[in-house]
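*Asks:* Here is what each chain is made of, one letter per residue.
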Amino acid sequence: MYPEYMQESLKLVEKTRPERLKKSLSGEKVFTPMTDAERGEVLTKFHPDYKADARQKIRIGPNRGENITSEVADLLESHSRINPDDFDLSRVDYDTDVLVIGGGGGGAGAALLARENGAKVIIATKLRIGDSNSMMSQGGVQASVNPNDSPAIHYLDVLGGGHFDNKPDLVRALVTDAPLVIKWLEELGVMFDKNPDGTMLTMLGGGCSRKRMHSARDYTGAAIMRVLRDEVKNHPEDIQVIEFSPAIELLMDEGGQVAGAILYNLETEEYIMVRAKSTIIATGGFGRLHIKEFATTNHYGATADGLVLGYRAGANLLYMDSVQYHPTGAVYPEQILGFLITEKVRTMGAQPVNKFGELFVFPLEPRDVESSSFIRECTERGKGITTPHTGRVGIWLDSPIIELIHGKGAIQKQLPAMYRQYNRFDIDITKEPMLVFPTLHYQNGGLEINDKCETKLPNLYAAGEISGGVHGRNRLMGNSVLDYNVFGRRAGIAAALNAKEVKLGKLTLNHVKRYERELQEAGIHTDRISPMLLPNYTPPEVRARQLTAHYEGTLR
Amino acid sequence: MEENKSVMKKEEKTQPQKAKMISLYIMGKKYEVPEGSTIMGALEYAGYQLKRGCGCREGFCGACATVYRTTDDYKIKTGLACQTVVVPNMYLAQIPFFPANKALYDLNELEPSISTFQEVYPETFRCVSCNTCTKACPQDLEVMDYIQALIRGDIAQAADLSFDCIMCGLCAARCPAEIVQYNVAVLARRLYGKYLSKKGEYLKSRLKEIKEHKYDKEIEEFMHMDRESIKKKYYARDIEKM
Ligand SMILES: Cc1cc2nc3c(=O)[nH]c(=O)nc-3n(C[C@H](O)[C@H](O)[C@H](O)COP(=O)(O)OP(=O)(O)OC[C@H]3O[C@@H](n4cnc5c(N)ncnc54)[C@H](O)[C@@H]3O)c2cc1C
Ligand code: SF4
Ligand code: SF4
Ligand code: FES
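Going line by line, the protein sequences match chains A and B. With numbering that gives the first Met the number 0 applied, the first sequence corresponds to residues 0 to 555, in that order. With numbering that gives the first Met the number 0 applied, the second sequence corresponds to residues 0 to 241, in that order.
Please note that a few of the clues may not be correct.
Here are the simulated distance ranges between beta carbons [claimed, not checked]: (1) B/R226 x A/K14: 43 to 51 Å; (2) A/K407 x B/V84: 24 to 32 Å; (3) B/D139 x A/A36: 29 to 37 Å; (4) B/P121 x A/G254: 47 to 55 Å; (5) B/P121 x A/E3: 52 to 60 Å; (6) A/R513 x B/P121: 53 to 61 Å; (7) B/V127 x A/F30: 55 to 63 Å; (8) B/N107 x A/R527: 44 to 52 Å; (9) B/D139 x A/G254: 25 to 33 Å; (10) B/D72 x A/E37: 54 to 62 Å.
Hint data in this document are derived by calculation from the structure and do not stem from the laboratory. Glycine included, each C-beta is placed from N, C-alpha and C at the ideal position.
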């Protein structure tokens, strides 16, 4: 239920609805999309990445001297969780062909393909397998399957969305493998939404020129992740899953090759050594860093650990200066602050309107442009609606219009998760709009890879949200579910083939010592520790009473 | 315009308010937490650092299965910690792990029929129709109905009814017949997706084209274009109507 003081604004939204509906049904654009110059202006003035303190120079490591997102720079300019001298490196707990770090979609796909290519695999993951951003994606996955579409057109859309900064070889891999991924998933038993004739139901995503968004209601990620997890669990003889054991440092050998990782058992607080011929980092994104204090859509374990692991060992970062804010995060009810309202709501016709019920932007601009224009509406133009307790500001996303376009029942049928979520708080989105503001959503950049998912370090691969390059500085909807499938699979194959050739030498943690020296030499004196592993939400007044508790970074 | 002004005026008056505190019992111990918190928020407010029992924090992963009771009722209730708002004097505890049975199978060798379930999950057929599972489901799914659909051999219906299952395990935790509904359901959906759902033609022909490298040349050209030319191409592309 919306508070009393919002009712008048809600009436204005209702009042302008018929006119907006008419335009929408006419097939003409409901609002003129921005030109290149207009996009540029709204981005530089309102996107959080362009704030003065959004970026800082990183002082150590392979990308030294580059400007990157400040919170990430701090995370990288931190001490290891361990003292390398404490480790007896002759005591290996597990030996395997392929170690997959991260049990989300990318990790699960990598493990399955590595197994198919003859490798024995260990998946080490922080929470349970499947507890990941992959489980949460709602809207869908892109693939050019329709006759009026092609991988080449998909290529153009990806490039434009990424402001032409994308790495071409990665984009080619992404768009060419896309139809294959859909086929692979369907054969594993994923139930995609379909037309009565069995062809895939496809929709238009923001920044796209063709309908190529494949969905599974608004549980697309869950539909895929549940199947991948089930399939991983079908092969215990080849794929061993170690849960609640995040990797905290890579292992290397004396020849400078990556050779596995050290895991930390969150429950028994033991460190575990895994030696592996190939290592794949698939640890996902960084939403829980709460960059610029934004609320986030990401899962509990999204703390960019893989960046730290890779960077300390010497891997490059790419585009770590850009952050994706999803335009539509919930700001009310306040219990679900940051909750993602899938872009599918807008692809089905919902329109963003201000407190006077005015449509102020084309609903499907690329995400960074759309988000920036929401921020402009709420700040400079002062046409947002303020929430009662947290005092945040948002604009309306007019969802009832969806059923006027697609018919009654369309929301419950195609957006059951959205409907359910709001219904829990007594808001019926078929009748009332949702109050939204941009929310921290996606790590655009990451570890640099090539189209075989190789990093520049021997035996080290990366796939999924932790990698950088494929989306340039802005990702389009549906391309990251695609990303983790395409590159998870590719990483699995490459890692398994590599494992057949590799000879590992004596293990070392010299890279951790070297990194510590670099910190000293750069004059960085800090008590920060990384990887973060989990965020800490203990309120300060409770922390102040935990007198003898010992915090290592955010972990007690 | 007049209307517009009045909206503005009202809003300026509303100041952020501080939440009231209420008491509740976490695993039997009393704590004060802000009114309106979710159970997960309350646990964290009370000083718990969650490791198990927390995943997506948005109602999609099923990690946060919780059982609770309110003082005015003898009944045990179930819910998701990240989605359930606390009420005064509730008693709650999370279920960190449930040792449920998951069968191992090769989907390629299974048939989409009732016999598969008789073989892989025979306990399904011991359902006593008590409806406890449905009452336990935080997604409000018709859990008993999907189990009953499978007993009748209607895989399509079971797949449809169980589609929004987040595998939280609360149904299985309460089932007197020891059925692991969510694992049975994932098998039903996989069989439906692989064997029973109708397949279209487009995907097949696109895969054939890709195999024949039909688009390689065009993409290759895009890859080597300078920035200005590719930009031009991008802004000139036609956009399909919604
Ligand atoms: C709410 C939401 C909705 C989305 N909707 C869409 C959509 O509609 N379409 C789309 O294309 N994309 C969408 N995305 C983005 C997409 O889902 C993700 O980018 C993608 O799933 C990432 O997959 P991944 O395998 O790389 O990472 P994840 O799925 O996040 O998996 C990473 C795994 O690694 C584990 N991990 C982390 N650190 C460590 C460590 N140190 N050691 C071991 N394990 C570790 C994590 O616990 C997790 O299980 C959405 C994202 C969110 C959050
Ligand atoms: S069916 Fe069972 S496992 Fe699935 S959401 Fe409902 S209670 Fe949870
Ligand atoms: S709880 Fe078990 S026995 Fe009862 S209806 Fe559900 S599946 Fe059947
Ligand atoms: S934490 Fe994922 S459902 Fe609650």
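*Asks:* Which hints, by number, does the structure contradict?
*Replies:* Per hint list: 3, 9 violated.
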